[in-house]
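Participant: Going line by line, the protein sequences match chains A and B.
Per this note's numbering, residue 1 is the first one in the first sequence, and the count goes up by one each step.
Per this note's numbering, residue 1 is the first one in the second sequence, and the count goes up by one each step.
Honestly, the hints are just simulated from the structure, not real lab data.
Here a beta-carbon is modelled for each residue, glycine too, at the ideal position from N, C-alpha and C.
A couple of the hints might just be wrong.
Derived coverage of chain B by chain A (criterion: at least 3 residues anywhere in the stretch with Cβ under 8 Å from a Cβ of chain A; other residues may be distant) [what the hints assert, rightly or not]:
no., stretch
1, 10-18
2, 34-40
3, 43-56
4, 68-78
5, 140-154
Listed below are the residues making up each chain.
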Amino acid sequence: MSDPRFDKGIRDLRKLSMTASERTRIFKAAVATVSAPSSGRVESPWNSLPFSRWVGRFPAIAIAGLALLVGVGTGLVSASAGALPGDALYTIKVGVVEPVRGAFAQAPVGQAKLHAALAVRRLTEAEILALNGSLDLRREEQVTTLLDKHARAAAAALDEVRNGDEPDAADRADSIAIAFQADLGAHAQILEAIDQERGSHQAFFRDVGVPQADVVGSAQMNAEAITPPRILAIRPSSLKLAAGSAPAPMADVARSTGFAEPAMMLMTAPVVSTEAAGSGSISPAFAKKYDSLATLIDRTADSLAQTDFEGISESLAMSIRSRAESSLAEARSLAHRAADQAHGYEDSAYASLLEAERFAREAATLAETGSSLRTGGR
Amino acid sequence: MNTATAHARFAEIYAAEADAIFRFCLIRVSDREQALDLVQETFARLWQSISAGKEMTNARSFLFTVAHRLIIDWYRKKKPVSLESMSDAETGETYEPVSESASSDLELESEGRFLVDSIRKLGESYRQPVYLRYVEGLSPPEIGEVLGISANAVSVRINRGLEELRKLSGYSLS
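Can you build the whole structure from these sequences, using the hints too?
Facilitator: Set out below in structure tokens:
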């Protein structure tokens, strides 16, 4: 492994340190920011009983067990379905009901989809609370912790799917990852839009420079963490393609075919058709994926145009609509890039196509979620 | 845990890890005072946990995780990621802006500076895994905890990152 220059570089880096006075200053300041502990927690006398200790360690299971004992278990479980963070039954919902249901999903694909769905459910709960103005710090922390937990479990299951023996293992993992990324991205944007409109505590803490449990940041980070390896392999060139800026060769094609806007070509006639694939230059699998992406973009644009977001305020609706339109523009641009790369750069083209799909799905989820939101509703 | 024990535990961890956390922050934000603020905030979180009587099984990963998130928050406040900013980034600029001259702010000898510059040129997803593995000696599961990804994904990123580093820097890494 070793190169003497690399080793020397590492030794040099490790010499970077604080001065003695900086060390003392930071130590004192860190300790001063929070009050010193009290004389310690007083141990409850009940803790001397082994059962109480067990109950203390597993409160959720203990609550559920108790519920069963008094014969209201079933009612409690069904009543917990609509519980939100902060509700008494929420602990049962996320600590007992969901894990029990999760136990039936054994295969990695099932696990990945289940945890992805649960992560999205957490975000939806946060949206309802945020719209009601009741997403306080404690609830946000609760949602963020659970979101992280599910997203990590989904990521681990996705790795298992990807490393599986099936010939299409990577494709299956990619398709779940892309759908999950799109959901995380869309819900993070919805929360951000609500946050901006309401001027929530997050905005306040950001202003005063104190980072808190941040459900939006967590959703964005978790989305980034599950980026399929084929996309990572071609970054950064593919990631930051500006919305609406088609690669130059495609613009030439657009001019020569009389289309003023390259994006128009995509909407009116897919650049790569299944017939073109017959020529042998483009793989049929690519052409098929491209065609279905063009359809997805088309349908999402239609449904976005028809959605009126009637359950929410005009400004929130405008914010969500413009976010969806931006995602859609990004998807069009990436799809265009994919078409451009299709001859000769199949790996890059496929990666661009995957990213385009992510943005198209993000736009679709934004439109769909935005139209189901109800201010003041649960 | 009483106050004296909590102080002793905190001081022990601070003595062992403060420089590593400082280095991690300084290399990423390229501003000494900002890095010191981040170190202070990171250790304040540690003190908060220890003084609340929480068991600290792996203080090292805890500290890097907190520092990593604070740095991301700092970047987010400093430079919001928007579609407009993405258009600037077509040249290859990523979430953490790569500045060619950034390492000149660090008091480093030439090989150290060359290594920092090379790591900064790596793809965004490779930088932290490579840095945490080789400069700070964290294990892949610990790095996974810090970055919120699986240990497998960390190993993959380290290997690819090294490969990229080899191409970029001319190091003969195997």
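Participant: State for each hint whether it applies.
Facilitator: Against the structure, the hints come out as follows:
Proximity of the stretch 10-18 of chain B to chain A, defined as three or more residues with a beta carbon under 8 Å from a beta carbon of that chain, is established by the 4 residues found. Note: the stretch 34-40 of chain B has 3 residues with beta-carbon separation from chain A under 8 Å; the three-residue rule is met and the coverage holds. Taking a C-beta to C-beta cut-off of 8 Å, the stretch 43-56 of chain B contributes 8 residues in contact with chain A, enough for the three needed, and the coverage statement holds. Judged by the Cβ-Cβ criterion of 8 Å, the stretch 68-78 of chain B is covered by chain A as claimed, because 6 of its residues qualify and three suffice.
Remark: the stretch 140-154 of chain B is confirmed as covered by chain A, as 6 of its residues place a Cβ nearer than 8 Å to a Cβ of that chain, reaching the required three.
In summary, the structure agrees with every hint in the numbered list given earlier.
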